[in-house]
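Can you make the complete structure from the sequences, with help from the hints?
The listed protein sequences derive, respectively, from chains A and B. Yeah, the first sequence ends on 212 if you go by the numbering used here, and it's all consecutive. Yeah, the second sequence ends on 1307 if you go by the numbering used here, and it's all consecutive.
Worth flagging that the hints you see were computed from the coordinates, not collected in a lab. Values in this document were obtained by computation on a predicted structure and should not be read as measured data. The beta carbon of each residue, even a glycine, is placed where N, CA and C say it ideally should be. Be a bit skeptical, because a hint or two may be false.
To be verified - As a list, the in silico DMTMM-like pairs of lysine to aspartate or glutamate whose alpha-carbon atoms are at most 25 Å apart:
{"id": "1", "chain 1": "A", "residue 1": "177", "chain 2": "B", "residue 2": "1208"}
{"id": "2", "chain 1": "A", "residue 1": "177", "chain 2": "B", "residue 2": "1075"}
{"id": "3", "chain 1": "A", "residue 1": "177", "chain 2": "B", "residue 2": "1080"}
{"id": "4", "chain 1": "B", "residue 1": "1120", "chain 2": "B", "residue 2": "1107"}
{"id": "5", "chain 1": "B", "residue 1": "1283", "chain 2": "A", "residue 2": "174"}
{"id": "6", "chain 1": "A", "residue 1": "177", "chain 2": "B", "residue 2": "1054"}
{"id": "7", "chain 1": "B", "residue 1": "1283", "chain 2": "A", "residue 2": "167"}
{"id": "8", "chain 1": "B", "residue 1": "1095", "chain 2": "B", "residue 2": "1208"}
{"id": "9", "chain 1": "B", "residue 1": "1120", "chain 2": "B", "residue 2": "1149"}
{"id": "10", "chain 1": "A", "residue 1": "177", "chain 2": "B", "residue 2": "1304"}
{"id": "11", "chain 1": "B", "residue 1": "1283", "chain 2": "B", "residue 2": "1149"}
{"id": "12", "chain 1": "A", "residue 1": "177", "chain 2": "A", "residue 2": "167"}
{"id": "13", "chain 1": "B", "residue 1": "1095", "chain 2": "A", "residue 2": "194"}
{"id": "14", "chain 1": "B", "residue 1": "1283", "chain 2": "A", "residue 2": "194"}
{"id": "15", "chain 1": "B", "residue 1": "1205", "chain 2": "A", "residue 2": "194"}
Claimed, not checked - What the simulated footprint calls covered on chain B by chain A, stretch by stretch (three residues with Cβ under 8 Å from a Cβ of chain A suffice, anywhere in the stretch; the number is not a length):
{"id": "16", "stretch": "1088 to 1098"}
{"id": "17", "stretch": "1226 to 1236"}
{"id": "18", "stretch": "1243 to 1256"}
Next come the chains, spelled out residue by residue.
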Amino acid sequence: MLSEKSDWLSAASDNQAISPEQLDSLLQDAELQRSFARYHLIGAAIRNELPAQLDMQFADNFASLLDQEPAYQLEASAAAQRQDTPVSFWKKLGEAANTGWFKTGFQGAVAASVALIAVLGVQQFQGTGQDADLNSPLPVLQTQPVAGFATPVSLSQTSVDSRFEQEQRQAMLEQQKRLQQLLQAHRQQIRVMETAQQNTPQAPAEKPIQEH
Amino acid sequence: MGWKGLSSALIILFYSNLSFAEVSGWEWFERSQSSVRQYNFEASFVVIKPNQVDSYRWLHGVQDHSEIEQLMPLEQSGVEILRRDQMVYYIAPEKTPLATNSSTIKELPALLYRDIESIKTLYDAVPGGSAQLSGRPAQLLRLTPLQNDRPGYWMWLDSQTGFPLKIDTLTIQNEVLERWVVTHILPHTTLPEALSVAANADLPKAAEKLPTVSLPESPLELSWLPGGYQQVPVAAAMVPQQVLEQWLLSDGLHQVSVFVQPGASLPAQAFRDGATTIFVMPKNQFDVTVIGPVSIESARQIAESVR
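Right, here's the structure in full:
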């Protein structure tokens, strides 16, 4: 369909800012909303964040959930008003349905539910991503270069997600520092292997060792 | 007829056995192991990893039936390693030297020093063709792992002396992970002069006693070891801080360390440092790191078995 529109839409699904007009059009156009959801799904698939079993009832579950949500509020206010003027309320409602105010309010409710789907949808994909790592036969291996220490093994090429690049890099550096330390500790243990073996059956000794 | 056939078969068997013995892989291997113990030499070698090259100077001598060996990194300002028979010293500038009991320098290829019988339980030695290496005729010896999990080794040995000239560490698919190459060798008839200082240096006679700090009791245990590996004691004093548990596994030739740390909620990752696999994986609220010359698949299996 509208290819120039899908550009910003795809950018938006990567968490990049969009203009208020674009937001409006997204909120109004059901077609766009569907593409938006699709882009998120594609993104999640590319990042290997899909849950092991994709829940096919996902949309239906949410629809039923959302059906329940606003219904409570409507009923509560309806009940409250019904107590005062039980008859005239329905009349008023009939009239109000045609006024601009009610239309805007209703659109707002639709927009809110779309936003909720988008947010919860993303969270669901991200949440299941980590568990999938544990369960899948081969974990998703990051392929960031390690400065001067070990070559990362690229079993699966994962596209770097620009959103998290900064934080991830920081975390990776920390991680590498830790691994470097462990590698050092591993080598150290190999060096003193015989001494450690001789020591184990013996009585405790107290002299501390200095190296490092 | 039957007797003739049997005896000729026996004779053929006998001769083929003899000719086999002449070029047997293990005999080549034994020659290479004894050559690094018995000769006086000055050598240089490089260790080539995919993103790193390290060069070392390596001296060895025998005096009054005792061995003296020295290993010095040529580039980084690192520790200098000295061995006098059963004692190995790690000497770093401005630091108290570390003295340990060991009849080998662990930074040299373990293959050249470990007990041949235990290596025979892990590998098959098959002699290959001969090649020209550093201007000398060299014999190729292939060590093929009996179990798929271990790295394979291709050794090129000097045809006359059996001295190792090059050792490749390979994956099961014969991809080179790490290459050890002698770049220069100078034989001596007596102890190399450079070693005479080290031979007479005043160094501690006994290994430093490792303090018997024991790690805090933890309910964690390792429920799976790769075939041929056993748990060996770790020096608790050298376990880094923030490590809740460390296990050391050994198959007599290779060592694998398993570390358990508080989790940092990072994804599972694998790295390679030459032939060494570094695998880290979140497991429950911990991070399990496996370091050693095993395949990523085995490393993952070891990490999974922590409970």
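Results for each hint:
The suggested pairing of residue 177 (chain A) with residue 1208 (chain B) is violated, with an alpha-carbon distance near 29 Å, which exceeds 25 Å. For the suggested pair residue 177 (chain A) and residue 1075 (chain B), the alpha carbons sit about 22 Å apart, so the restraint of at most 25 Å is met. Our distance criterion of 25 Å between C-alpha atoms is met by residue 177 (chain A) and residue 1080 (chain B), whose separation comes to about 24 Å. A threshold of 25 Å between alpha carbons decides the hint, and for residue 1120 (chain B) with residue 1107 (chain B) the separation of about 22 Å falls inside it, so the pair holds.
A threshold of 25 Å between alpha carbons decides the hint, and for residue 1283 (chain B) with residue 174 (chain A) the separation of about 18 Å falls inside it, so the pair holds. Between residue 177 (chain A) and residue 1054 (chain B) the alpha-carbon distance is near 21 Å, which keeps this suggested pair within the 25 Å criterion. Of the supplied pair hints, the one linking residue 1283 (chain B) and residue 167 (chain A) holds, its CA atoms being roughly 22 Å apart against a limit of 25 Å. In summary, the hint linking residue 1095 (chain B) to residue 1208 (chain B) is supported, as the alpha carbons are separated by about 14 Å, within the 25 Å threshold.
The hinted pair formed by residue 1120 (chain B) and residue 1149 (chain B) meets the criterion: a straight-line CA distance of about 16 Å does not exceed 25 Å. Under the criterion of a C-alpha separation no larger than 25 Å, the hint pairing residue 177 (chain A) with residue 1304 (chain B) is consistent with the structure, at around 23 Å. Only pairs whose Cα atoms come within 25 Å are accepted, and residue 1283 (chain B) paired with residue 1149 (chain B) is accepted, the gap being roughly 23 Å. A hinted pair counts as satisfied when its Cα atoms are at most 25 Å apart, and residue 177 (chain A) with residue 167 (chain A) qualifies at roughly 16 Å.
Using a Cα cut-off of 25 Å, the hinted pair residue 1095 (chain B) and residue 194 (chain A) holds, with the two alpha carbons roughly 22 Å apart. For the hint pairing residue 1283 (chain B) with residue 194 (chain A), the CA-to-CA distance comes to about 31 Å; that exceeds 25 Å, so the pair is violated. For the suggested pair residue 1205 (chain B) and residue 194 (chain A), the alpha carbons sit about 16 Å apart, so the restraint of at most 25 Å is met. As drawn, the stretch 1088 to 1098 of chain B meets chain A at 6 residues by the rule of a beta-carbon pair under 8 Å; at three or more, the given contact holds.
Counting residues of the stretch 1226 to 1236 of chain B whose CB lies closer than 8 Å to any CB of chain A gives 4, which reaches the minimum of 3, so the coverage claim holds. Requiring three or more residues with a Cβ within less than 8 Å of a Cβ of chain A, the coverage given for the stretch 1243 to 1256 of chain B holds, as 5 such residues are present.
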